[in-house]
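Undergrad: Listed here are the chains, written in short residue letters.
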Amino acid sequence: MNTLTVSVVTPDGPVLEDSFEMVSCKAESGELGVLPGHIPLVAPLSISAVRLKGENPQRIALSGGFLEVRPDKVTILAQSAERPDDIDIERARAAKERAERRLQAKQDEIDFRRAELALKRALNRIDVIENK
Amino acid sequence: MASLRDIKTRINSTQKTKQITKAMHMVSASKLNKAEEFTKAYDPYSAKIREVVNSIANSGLDAEHPMLETREVKKTAYFVITADRGLAGAFNSGVLREVYRTIQEKHQSKDEYAVITVGRMGRDFFRKRDIPILKEITGLSDQPSFADIKDLTSETVQLFIDEEIDELVIFHNHFISAISQKVTSKKLLPLTDLKEASGGAKSTYEYEPNQQEILDVLLPQYAESLIFGALLDSKASEHASRMTAMKSATDNADELIDDLSLQYNRARQAAITQEITEIVGGVAALE
Chain A
1 MNTLTVSVVT
11 PDGPVLEDSF
21 EMVSCKAESG
31 ELGVLPGHIP
41 LVAPLSISAV
51 RLKGENPQRI
61 ALSGGFLEVR
71 PDKVTILAQS
81 AERPDDIDIE
91 RARAAKERAE
101 RRLQAKQDEI
111 DFRRAELALK
121 RALNRIDVIE
131 NK
Chain Y
1 MASLRDIKTR
11 INSTQKTKQI
21 TKAMHMVSAS
31 KLNKAEEFTK
41 AYDPYSAKIR
51 EVVNSIANSG
61 LDAEHPMLET
71 REVKKTAYFV
81 ITADRGLAGA
91 FNSGVLREVY
101 RTIQEKHQSK
111 DEYAVITVGR
121 MGRDFFRKRD
131 IPILKEITGL
141 SDQPSFADIK
151 DLTSETVQLF
161 IDEEIDELVI
171 FHNHFISAIS
181 QKVTSKKLLP
191 LTDLKEASGG
201 AKSTYEYEPN
211 QQEILDVLLP
221 QYAESLIFGA
231 LLDSKASEHA
241 SRMTAMKSAT
251 DNADELIDDL
261 SLQYNRARQA
271 AITQEITEIV
281 GGVAALE
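Protein chains in written order, with UniProt numbering: chain A, 1 to 132; chain Y, 1 to 287.
Just so you know, the hints here were simulated from the structure itself, not pulled from any lab data. Note that the structure is predicted; figures quoted are calculated from it, not measured. Glycine included, C-beta positions come from ideal geometry on N, C-alpha and C. Do not take every clue at face value.
Stated by the list, open to error - Lysine to aspartate or glutamate pairs mimicking EDC-like chemistry, simulated, CA-CA at most 16 Å apart:
| hint | chain 1 | residue 1 | chain 2 | residue 2 |
| --- | --- | --- | --- | --- |
| 1 | A | Lys73 | Y | Glu206 |
| 2 | Y | Lys48 | A | Glu17 |
| 3 | A | Lys26 | Y | Asp254 |
| 4 | Y | Lys34 | A | Glu17 |
| 5 | Y | Lys48 | A | Asp12 |
What the hints assert, rightly or not - Simulated restraints, written as ranges between beta carbons of each label pair:
| hint | chain 1 | residue 1 | chain 2 | residue 2 | range |
| --- | --- | --- | --- | --- | --- |
| 6 | Y | Lys186 | A | Leu123 | 36 to 42 Å |
| 7 | Y | Thr9 | A | Asp111 | 28 to 34 Å |
| 8 | Y | Ser109 | A | Ile89 | 49 to 55 Å |
| 9 | Y | Lys150 | A | Leu123 | 28 to 34 Å |
| 10 | A | Lys53 | Y | Gln212 | 57 to 63 Å |
| 11 | Y | Lys150 | A | Arg93 | 18 to 24 Å |
| 12 | Y | Pro132 | A | Thr3 | 51 to 57 Å |
| 13 | A | Arg93 | Y | Glu213 | 48 to 54 Å |
| 14 | Y | Gln104 | A | Arg93 | 27 to 33 Å |
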């Protein structure tokens, strides 16, 4: 079966580089599946999990970023990306509670947006761990 | 001439200082190694993001973006990266002097500029001189991760988007080698060098949903990554610079100890000679 090379890079270093059969992720405009031979594409990703399908499937928690597709190569540029093993579940839970408290405290709009994003990131991490 | 005991005390204290500077030298050397690794880890990310940004910017850009446009400069922000601590030779003073000179040359009124500082040395310097500080961050770890400065970078980029500032110039120590660092300044925002650095787009992409929205997400991320890159560069320089400073401090201590030992031995010899003369004199008087 055809495969494509997937590399996930963050400012703190490469997270993963391996071959997979399919990449499925959530772009800002909706779910997106990439198979080998896809036309070159750039799309922003939302805070979500990327599912990499192949011999050893992987899930990676992204906090936003980019997807760059070439026919035989997919690059994901994210400000942070974690494999399930690297996620600190306690920290994610703590972040979730903190964000929820902030959301209830009804602050001004900027804090509200930030808390919302923080909550999304925390939920995403927890989700990736629990559905390993 | 100083007494024997005075010299001994000085030798001891210099010895202790030397131990400290030597330890700091070695600590900095290992931190420098790590910093270089971090910079290496960051390289693929920056290279990739630059490639994507370039190829979008050069693909017959019909999308406009405020971060790409030069507008009339009413307020300039200077992003200054220093260390939290001194003892690093000219590391801090070099970059601060350069910023201060630039500000003095270019601006008349305080409304025209502000600084954003990383590191305690920079913050204290500008605070003392009553220069407006927009944002500051201190106590960064020696190997900063992107998460540590994400808030600062995104707020900085937001300031530009909200037109609070019209220009962002970054000042930092550029790491050339372990013994050489250079203060550099670079205009970060607006991102003007993109369109010039064309050289023919290598690949054309489909954009999902469209160029405009991609630029909205990509450009801030790009600018943030540039700031992070400068920070890593500066950290490497800091460790290198501290390493060199501590090396020369250790060498100086060695030299000082040599001089003092010589003095000490001379004084000791003089004291012995004098004692013998006194005894001989005493005996001669008795005979």
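Undergrad: Each of the hints needs a verdict: does it hold here or not?
TA: We went through each hint and held it up to the structure:
1. For the given pair, lysine 73 of chain A sits about 15 Å from glutamate 206 of chain Y by alpha-carbon distance, which is consistent with the 16 Å threshold.
2. About 14 Å separates the Cα atoms of lysine 48 of chain Y and glutamate 17 of chain A, which keeps this hinted pair within 16 Å; it holds.
3. Taking the CA atoms of lysine 26 of chain A and aspartate 254 of chain Y, the gap is near 63 Å; set against the 16 Å cutoff, the hint is violated.
4. Under the criterion of a C-alpha separation no larger than 16 Å, the hint pairing lysine 34 of chain Y with glutamate 17 of chain A is inconsistent with the structure, at around 22 Å.
5. Restraint check for lysine 48 of chain Y and aspartate 12 of chain A: the C-alpha separation of about 14 Å stays at or below 16 Å, so the hint holds.
6. Look at lysine 186 of chain Y against leucine 123 of chain A: about 38 Å separates their beta carbons, and that is inside 36 to 42 Å.
7. A beta carbon spacing of about 59 Å between threonine 9 of chain Y and aspartate 111 of chain A contradicts the range 28 to 34 Å that was offered as a hint.
8. Separation of serine 109 of chain Y from isoleucine 89 of chain A is about 53 Å and conforms to the stated range, judged on CB atoms against 49 to 55 Å.
9. The given range of 28 to 34 Å is broken by lysine 150 of chain Y and leucine 123 of chain A, whose C-beta atoms sit roughly 19 Å from each other.
10. The hinted window of 57 to 63 Å between lysine 53 of chain A and glutamine 212 of chain Y is violated, with their beta carbons roughly 31 Å apart.
11. Against the hinted window of 18 to 24 Å, the Cβ-Cβ separation of lysine 150 of chain Y and arginine 93 of chain A comes to about 21 Å, which satisfies the hint.
12. At roughly 55 Å, the beta carbons of proline 132 of chain Y and threonine 3 of chain A sit within the given window of 51 to 57 Å.
13. A hinted range of 48 to 54 Å for the beta carbons of arginine 93 of chain A and glutamate 213 of chain Y is inconsistent with their spacing of about 33 Å.
14. For the pair glutamine 104 of chain Y and arginine 93 of chain A, the beta carbons lie near 51 Å from each other, so the given range of 27 to 33 Å is not met.
When each numbered hint is compared with the structure, violations occur for hints 3, 4, 7, 9, 10, 13, 14.
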